[in-house]
Amino acid sequence: MDHDSGFPLVNSLVISSNGLAHQTGVPFDRRRAPAAMAEFLQFTFSGLTVGAVYALVAVGFTLIYNASDVVNFAQGEFVMLGGMVTVFLGYAGVPVPLAAVLAVLITTAVGLALYRLGIAPAREASAVTLIIITIGASIFLRGVAEIIFDKRFHSLPALFGSDPIRIGGASILPQTVVVLASALLIVCLLWAFIDRTLYGKAVIATSANRMAATLVGINTRTIVGACFAISAAIGAIAGVLVTPITLTSYNVGTLLALKGYAAVMLGGIGSAIGAVVGGVLLGLFEAFAAGYLSASYKDAVAFVVILAVLFAMPQGLFGKTTVERV
Amino acid sequence: MLQKITIAAALIGFAVSVTGGSAAAQVKVGAVLSASGPASFLGDPERKTLDMYVEDINSKGGINGQKLQLVIYDDGGDANAARTFATRLVEEDKIVAMVGGTTTGTTLAMIPVFEDAQVPFISLAGAVQIIEPVRKWVFKTPHTDRMACEKIFDDLKRRKLTTVALISGTDAFGKSMRDQCVAVAPKAGITIAHEESYGPGDSDMTPQLTKIKATAGIQAVVCAGFSQAPAIVTRNYRQLGIEYPLYQSHGVASKQFISLAGAAANGVRLPAAALLVASKLPESDRQKSVVVGYQTMFETKTGQPVSTFGGHAYDGLMILVDAAKRAGSFDSGKLRDEIERTHNYVGTGGVVNMSPSDHLGLDLSAFRLLEIKDGDWTMIPDSPS
Numbered sequence: 001m002d003h004d005s006g007f008p009l010v011n012s013l014v015i016s017s018n019g020l021a022h023q024t025g026v027p028f029d030r031r032r033a034p035a036a037m038a039e040f041l042q043f044t045f046s047g048l049t050v051g052a053v054y055a056l057v058a059v060g061f062t063l064i065y066n067a068s069d070v071v072n073f074a075q076g077e078f079v080m081l082g083g084m085v086t087v088f089l090g091y092a093g094v095p096v097p098l099a100a101v102l103a104v105l106i107t108t109a110v111g112l113a114l115y116r117l118g119i120a121p122a123r124e125a126s127a128v129t130l131i132i133i134t135i136g137a138s139i140f141l142r143g144v145a146e147i148i149f150d151k152r153f154h155s156l157p158a159l160f161g162s163d164p165i166r167i168g169g170a171s172i173l174p175q176t177v178v179v180l181a182s183a184l185l186i187v188c189l190l191w192a193f194i195d196r197t198l199y200g201k202a203v204i205a206t207s208a209n210r211m212a213a214t215l216v217g218i219n220t221r222t223i224v225g226a227c228f229a230i231s232a233a234i235g236a237i238a239g240v241l242v243t244p245i246t247l248t249s250y251n252v253g254t255l256l257a258l259k260g261y262a263a264v265m266l267g268g269i270g271s272a273i274g275a276v277v278g279g280v281l282l283g284l285f286e287a288f289a290a291g292y293l294s295a296s297y298k299d300a301v302a303f304v305v306i307l308a309v310l311f312a313m314p315q316g317l318f319g320k321t322t323v324e325r326v
Numbered sequence: 001m002l003q004k005i006t007i008a009a010a011l012i013g014f015a016v017s018v019t020g021g022s023a024a025a026q027v028k029v030g031a032v033l034s035a036s037g038p039a040s041f042l043g044d045p046e047r048k049t050l051d052m053y054v055e056d057i058n059s060k061g062g063i064n065g066q067k068l069q070l071v072i073y074d075d076g077g078d079a080n081a082a083r084t085f086a087t088r089l090v091e092e093d094k095i096v097a098m099v100g101g102t103t104t105g106t107t108l109a110m111i112p113v114f115e116d117a118q119v120p121f122i123s124l125a126g127a128v129q130i131i132e133p134v135r136k137w138v139f140k141t142p143h144t145d146r147m148a149c150e151k152i153f154d155d156l157k158r159r160k161l162t163t164v165a166l167i168s169g170t171d172a173f174g175k176s177m178r179d180q181c182v183a184v185a186p187k188a189g190i191t192i193a194h195e196e197s198y199g200p201g202d203s204d205m206t207p208q209l210t211k212i213k214a215t216a217g218i219q220a221v222v223c224a225g226f227s228q229a230p231a232i233v234t235r236n237y238r239q240l241g242i243e244y245p246l247y248q249s250h251g252v253a254s255k256q257f258i259s260l261a262g263a264a265a266n267g268v269r270l271p272a273a274a275l276l277v278a279s280k281l282p283e284s285d286r287q288k289s290v291v292v293g294y295q296t297m298f299e300t301k302t303g304q305p306v307s308t309f310g311g312h313a314y315d316g317l318m319i320l321v322d323a324a325k326r327a328g329s330f331d332s333g334k335l336r337d338e339i340e341r342t343h344n345y346v347g348t349g350g351v352v353n354m355s356p357s358d359h360l361g362l363d364l365s366a367f368r369l370l371e372i373k374d375g376d377w378t379m380i381p382d383s384p385s
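Chains as they are written, first to last, in our numbering: chain A, 1 to 326; chain B, 1 to 385.
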């Protein structure tokens, strides 16, 4: 009987607090404007959250493409490995920070192995053949992960806890900020590496003309191999950082690679800053489509926008026009 | 994928042909399960359950003096493969009955095969379409999503909350449960004032939840989905600071949901089978001994936590075994009639009373309403006292 009398009281409280909160439904009401602003801000934060993930995945594509003209479709699997290896080392009793470092090292080794065993033996083949090899590698890595790990979803603790930061009636997770900052940091480091070091120059040379690069004494095999290793490391770092937001399982790589690739196309393939901008924009398109239209159309809307951009700017937002050498 | 299935099928076929010759007195029971692939979290415990209980039954002398032989094929979640294996079970293996069909998709693909061959088929999949309309040879053990909706709505009414928002996944499970909830809402006196959806692979649902938050008059939110996405919905729900009660479906009734959603899961309510709270059931509960027995057996044999999905396979096999005992033979026609006469069978999913018009035989008491508190399930009593 105590319960019976208790329920209506509690509920009437809930209802009245709702009523207060939602008396702002009239269009152009004075109080409606801040509410609409808060919604807009929340959609933006959502877009940043998703976009940060895409951006970090997209950056991983850039280096390998720059060095070898190969779009590495196993990039999503590097992301998956980063997250999954960290999770399972954690289960085995390794402290999470150490597990994350080990996961990045292991994934880097996998990236090197992909180059040595998959790409290098077929280096005379065309870029399309190499891309197909990376697709095969991605299916292989997914299958191995399914057997070594398991088929469940897993999570990792966020770096700065999961208490949201509230700004102007909207909220954002600290981990989103971490992911965005990391994406920018990685882009800066990549830029410094490519533009300011001799190895970076060698990457550009290898990309421009492999034969000429060999003639001036660049070991192009080492350069391309190193690019696979670094890309794998970037992917693994992405995996460790995005897992607290997206959760991870053996098959998350496919979708991440697809969205990351769309971000790369939007930003302009080969441009690191373009990858980040493309990723964040893609995330924002999706969030606004879900917020202002319908969640059912968000992927469609995002891809229509990408198509429109590519019609106007076939090289993407930051891509360089390339001249085909005959 | 195809290669993997072919190899698996070849291996199983080989095993069958090796053991088949030496054991003439065995009765073959078929099972097509999605033990690998995307639905493997369902099919894997089902397979382990069938394996361990058939072995257990045989070690105790079998049924009616005959030993059971389990013929399992793995369809990898592919409906086409499931249908091929179903045909093989009927034509080559000559099974007497089938316990299997992990997903609604594979089950629906296999139904015509067993209807044509007149072989009893106890499905382990969720959707209500499997038993509605009633098909002569088809039965199923898991609760339906319609029951989940009704159970949630019952609790909402008890709390005097009548206006809800619904957010559902765009996968088969989410769509089906959404349709059922929308269908039963008027009868239950519940108004679904706002609907949202999400893709099964989405990693942020705050836009949809922001819209729900901005809709006037909402008193509670129901999320229809399974796998990891409902955990993200729950996290985003708390991130936005929405304060209405949140209901999840039986699709997330596993400890994995609690570990993925973390502290955000606190206060979430959901309908689930008694198996999930086996140790918390009062001694007077009819299901207590069955669910504790199954849990102990599964966890000691596999070393993995028990899931309701394996429980569905246990129920299917035991309903079949009971029917065979009553029939005194393994004639497919007699088996079917006895399965349909299943009465007061106490299983992991609830108390089953089948009839010619009800090939599931569960009522709402089969679902327990749970609330998550501090990382564990607590039971909400059915009627306020």
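Any given hint could be a false lead.
Said to hold, decoys possible - Straight-line alpha carbon distances no greater than 25 Å define the calculated DSS-like cross-link-like pairs of lysine-lysine that follow:
1. A:Lys151 <-> B:Lys288
2. B:Lys301 <-> B:Lys28
3. B:Lys28 <-> A:Lys151
4. A:Lys151 <-> B:Lys157
5. B:Lys288 <-> B:Lys334
6. B:Lys301 <-> B:Lys334
7. B:Lys280 <-> B:Lys60
8. B:Lys255 <-> B:Lys136
9. A:Lys151 <-> B:Lys67
10. B:Lys67 <-> B:Lys288
11. B:Lys187 <-> B:Lys136
12. B:Lys157 <-> B:Lys136
As the list claims (entries may be wrong) - Derived coverage of chain B by chain A (criterion: at least 3 residues anywhere in the stretch with Cβ under 8 Å from a Cβ of chain A; other residues may be distant):
13. 207-217
14. 221-234
15. 257-269
Note that these hints are calculated values from the structure, not bench results. Bear in mind the structure is a predicted one, so any value in this text is a computation, not a measurement. A virtual CB, placed ideally from N, CA and C, is assigned to each residue, including glycine.
Among all the numbered hints in the text so far, which are the ones the structure does not match?
-> Per hint list: 1, 3, 4, 5, 6, 7, 8, 9, 10, 11, 12 violated.
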